[in-house]
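Peer 1: So you can see what is in the structure, the chains are spelled out below.
2 protein chains.
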Amino acid sequence: MSPKITGELLRQLRQAMKNCKYFSEPIQAYIVPSGDAHQSEYIAPCDCRREFICGFNGSAGTAIVTEQYAAMWTDGRYFLQASQQMDNNWTLMKMGLKETPSQEDWLISVLPENSKVGVDPWIIAADQWKNMSKALASAGHSLVAVQDNLIDAVWTDRPKRPSTQLRTLGLEYTGLSWQDKITSLRAKMTERKISWFVATALDEIAWLFNLRGADIEYNPVFFAYTIVGMNTIRFFVDLKRLSDPILRDHLQLDSPSKPELSIQTFPYESVYTELQAICAALGPKDKVWICDKASCSLTQVIPKVRETPIPYTPLCLAKAVKNASEIQGMKMAHIKDAVALCELFAWLEKEVFSFLFFLKSQQKGFVGLSFPTISSVGPNGAIIHYRPLPETNRTLTMNEVYLIDSGAQYVDGTTDVTRTIHFGTPSAFEKECFTYVLKGHIAVSAAVFPNGTKGHLLDSFARAALWESGLDYLHGTGHGVGCFLNVHEGPCGISYKTFADEPLEAGMIVSDEPGYYEDGSFGIRLENVVLVVPAKPKYNYRNRGSLTFEPLTLVPIQVKMMNTEQLTQKERDWVNEYHRKCQEVVGAELERQGRKEALEWLVRETQPII
Amino acid sequence: MSPKITGELLRQLRQAMKNCKYFSEPIQAYIVPSGDAHQSEYIAPCDCRREFICGFNGSAGTAIVTEQYAAMWTDGRYFLQASQQMDNNWTLMKMGLKETPSQEDWLISVLPENSKVGVDPWIIAADQWKNMSKALASAGHSLVAVQDNLIDAVWTDRPKRPSTQLRTLGLEYTGLSWQDKITSLRAKMTERKISWFVATALDEIAWLFNLRGADIEYNPVFFAYTIVGMNTIRFFVDLKRLSDPILRDHLQLDSPSKPELSIQTFPYESVYTELQAICAALGPKDKVWICDKASCSLTQVIPKVRETPIPYTPLCLAKAVKNASEIQGMKMAHIKDAVALCELFAWLEKEVFSFLFFLKSQQKGFVGLSFPTISSVGPNGAIIHYRPLPETNRTLTMNEVYLIDSGAQYVDGTTDVTRTIHFGTPSAFEKECFTYVLKGHIAVSAAVFPNGTKGHLLDSFARAALWESGLDYLHGTGHGVGCFLNVHEGPCGISYKTFADEPLEAGMIVSDEPGYYEDGSFGIRLENVVLVVPAKPKYNYRNRGSLTFEPLTLVPIQVKMMNTEQLTQKERDWVNEYHRKCQEVVGAELERQGRKEALEWLVRETQPII
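These protein sequence lines map, in sequence, to chains V and S.
Numbers 1 to 610, taken from full-length UniProt numbering, label the letters of the first sequence in order.
Numbers 1 to 610, taken from full-length UniProt numbering, label the letters of the second sequence in order.
Where hints are given, some of them may not hold.
Note that the list lumps identical chains together, so a pair holds whenever it fits in one copy or between two copies.
[To be verified] Computed list of lysine-lysine pairs in DSSO-like fashion (alpha-carbon distance at most 27 Å, straight line):
hint, residue 1, residue 2
1, Lys364, Lys258
2, Lys130, Lys193
3, Lys94, Lys536
4, Lys538, Lys570
5, Lys431, Lys570
6, Lys98, Lys188
Honestly, the hints are just simulated from the structure, not real lab data.
Take the sequences, apply the hints, and build the full model.
Peer 2: Shown next as structure tokens:
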């Protein structure tokens, strides 16, 4: 890939920074975060402002442009990719390295005295605004809200905000009507004496109303806001989307069952003025709940004394613990995914790569991918989030490690699986690393831990075998997975980085995906989606109860890549039991679907190891 | 133990809460934290205000008294003990249980509208003040600073603040003169553009000046404050303590080598007015560094824009990484401690318990204990911080598990070791639990991990074997250990609780002390003090370098308590290598000291296991 040429764009942006049409005085620095107004992880093309200005298109990164400099901060997953996508106008700031300054420290070191630093208040979270503002103020500078986005001002062919068709989800998938979800949300509000709740996260809104959209690639969500009071529900969305009679019926727009379950609809853009009106009419004891990660813009509408910021909204927490229908759907989705992968792998051995999408699309309830498939050969595997591009693509060979990370959205669930395979003879070092990664994967998957344990306390289990040999990987071990929702969701996860994660509890779903990446040579990752389930160990200390994981992903792990003699008896038992289950569950489905070749491959790949 | 009778005391305190002599209007609640003005962990008798008012004498707990209620918050280590020490006037608030309200939530639920909640601003940390104040304000109440302590007002026989003799430490122990420490502190201040640094933690001040005192039992520190500017050093201490010529010479009080190393001395109490004077004279760019855990009183003297609060002071960080002289001293101290324990254990088998203090005191450089010895038999071992009291004391028997946790201060180092032994035949369950605890101890001690890893990421290693059987322990796995300083010190540790810990680095010293406690039956804990050292695994991923631990404690672990067949080969190798080292290093010292019986015991107890 060749870097984006940004000289002219930066000149225009710096022009805009000086132009008093946008802000009353010239600003000396402009921050371009990577998010949208909903703090979505994946974003729509119209919101890819950071990519537009610097060329780097990874999922995480913040660009800052001053009169003289342009710098972009990203983390270990993206060092290689960012350095290839950005031209010489940009300095890559490698987060996590000791010598890399924070954005605040860097700004303070380069800005002239008394500088103004601008940012779009809609795309910076309230807590980030606060920290940045405080740090700048302590050095005599100020952070200022620039209402018109300056990137948009220089982005002549910026795409429109998507407004795709909305899909309703029935009780057989959701397990709970939106009315029941509203009722239990209000119960939590009453308990905490909260009068209003402002929902800004797109997946929380989709979950609440049992609706799905396709506004953002891979995430079945739609642009909307919701404000829930004790007697009213205000729904902010492009009103053109609400004409479908099935949708109107689902939301009871024309004949609400009860007045307090009547949904008032408003244009998407009017959330700001509506929230202002609500705040102007607050009673003396009224409190407003808003996520502390919500946009600075909305958060600042709420008077400080009325605001009760929370790290995780009640919707985020309720959504994370899947109910029986959702778990059932997730299990089904994973069986389907396994069918497609068995088919692919069986076929791959004979032919060459590329009809996974077609295979998945043949499965019942297939909606789309849950993220762009990562399929990489040899050295490309070492670029953690590598996506095939014509100029770097390599043909599958017998001599290199092949890594495939793919996921799909089915109406009953979301999948995300990574396997690393070799079609020829892996090197001793490749096998050694694969075995360490497998040991880490098993250590997490088989871990038994007490109720109330936070996921980050399990992260080191995934690394211990790699660490012991002086190896590691620069990403977290697992993320929360939505149920026909975003493939990445909070509030739980397994990472050394997230300290504000919520304790794991039965029903939560996370990924377990340790890896190892050897720059310029190969990449290894083993990922299952796993369900948190109660465990029944021998004892039950203080009646706390214990938890463990049940793999939802059921795709064989290539035995050829393992040094089985490096595994303990316990690890070998785990592999055999996992493969037995793959054969039993996916085998039955392959048989039902009449996919003979894939079935033969599955049986061959799941023979017990000794 | 019988509970303290508190009815009359509470009546008097509530009287004082209404008395406008102390605050301009009546206050509706009064908070009694457990700390002193320096946020010390162990405190002097004059500062034991929370114990005085409620009877509970554990190290952690906060009491709150309102007009109608009296409640005391403490954590899992102390539930049993607190319930036994407090009378019916008090409600025990069990922290860490889901149903227990936070102090803020509880206050909001019981207070009448518009209440005033009082607290002594000297003994509440600035960050705690901020959080409590914000929470109360959000519910219409206010937190107010009551300058005279209301507990002192009703505490007629309150002891005086100690002022023990100060001891100077030479370079052979400290490795670095106080002048060099001041110089490198100033270098850090220059780097961060800080003009003044306020030191309030007693161990940081003792470390900085290479001085030790005995004001607080077990902690060789003394009451003092220090304010360091770029050209001045102000030292606040009871001036009567500075008459000793050796001390005057050490601090160069009468003939400073350079003007900027001249120490100005002030009475302890005048720190407040001096800091006020400094702040009044601050230049427009002057910044003041103060720990965000410092007292609210001092912190509020500093104008907000001038204040640069830090979670860990540069002294705290510098002190945590031990230099070669300190490491050497710590190693020596641990050999001495091992000698005393071998002697004790050898003798215990023939006689009955109790001259450990005498034995330690015979070792060169012995100063005192580093904390009260915990020596418990059978069920008392399940009270995690049990101290022998006449009414609950049990004689050592052949039928019960014996736990001893003891530490000492030597001029060259501080020790802290726990062993669990049985003189008769342990039960199968006792052995099973001991073996899980041993596996956890080894998992931490032998762990290899990359530079930059924080201690809390290792905590689960200590628990995995217990968790797998549904067991656990309700305390952290390890704490930082000072070098002839406090046995507990920041900023590192190994705990699921501390998220703000600093990464482990070579030279840091922590304890490794998993345990298991079976209420009403027995307690098991295995504790070594371990040094963080570089590791040299096979690979060196991204040149980060790796770390591991080297045990400083060298006392045999009782083989009789182990189910050796439950140990992996790796774990057995660890035990054998550890015992080999005990025999080699401590054996030589026992021989030198002519302690024949202890030597025979040591050799017997360190035979290899198969």
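Peer 1: Each hint: holds or not?
Peer 2: Hint by hint, here is what the structure shows:
In this assembly of identical chains, Lys364 and Lys258 lie within 27 Å of each other by CA distance neither inside one copy nor across copies; the values are 36 Å within and 83 Å between. Both within a single protomer and between protomers do Lys130 and Lys193 lie at most 27 Å apart by alpha-carbon distance, with minima of 26 Å and 22 Å respectively. In the homo-oligomer, the alpha carbons of Lys94 and Lys536 lie at most 27 Å apart only across protomers (26 Å), although the nearest pairing inside one protomer, at 44 Å, exceeds that limit. In this homomeric assembly, Lys538 and Lys570 come within 27 Å of each other (Cα to Cα) both inside a single copy, at 17 Å, and across copies, at 24 Å.
Proximity of Lys431 to Lys570 under the C-alpha cut-off of 27 Å is found in both arrangements, the shortest distances being 19 Å within a copy and 22 Å between copies. Within a single copy, Lys98 and Lys188 get their C-alpha atoms only as close as 43 Å, which misses the 27 Å cut-off; across copies the closest is 16 Å, which meets it.
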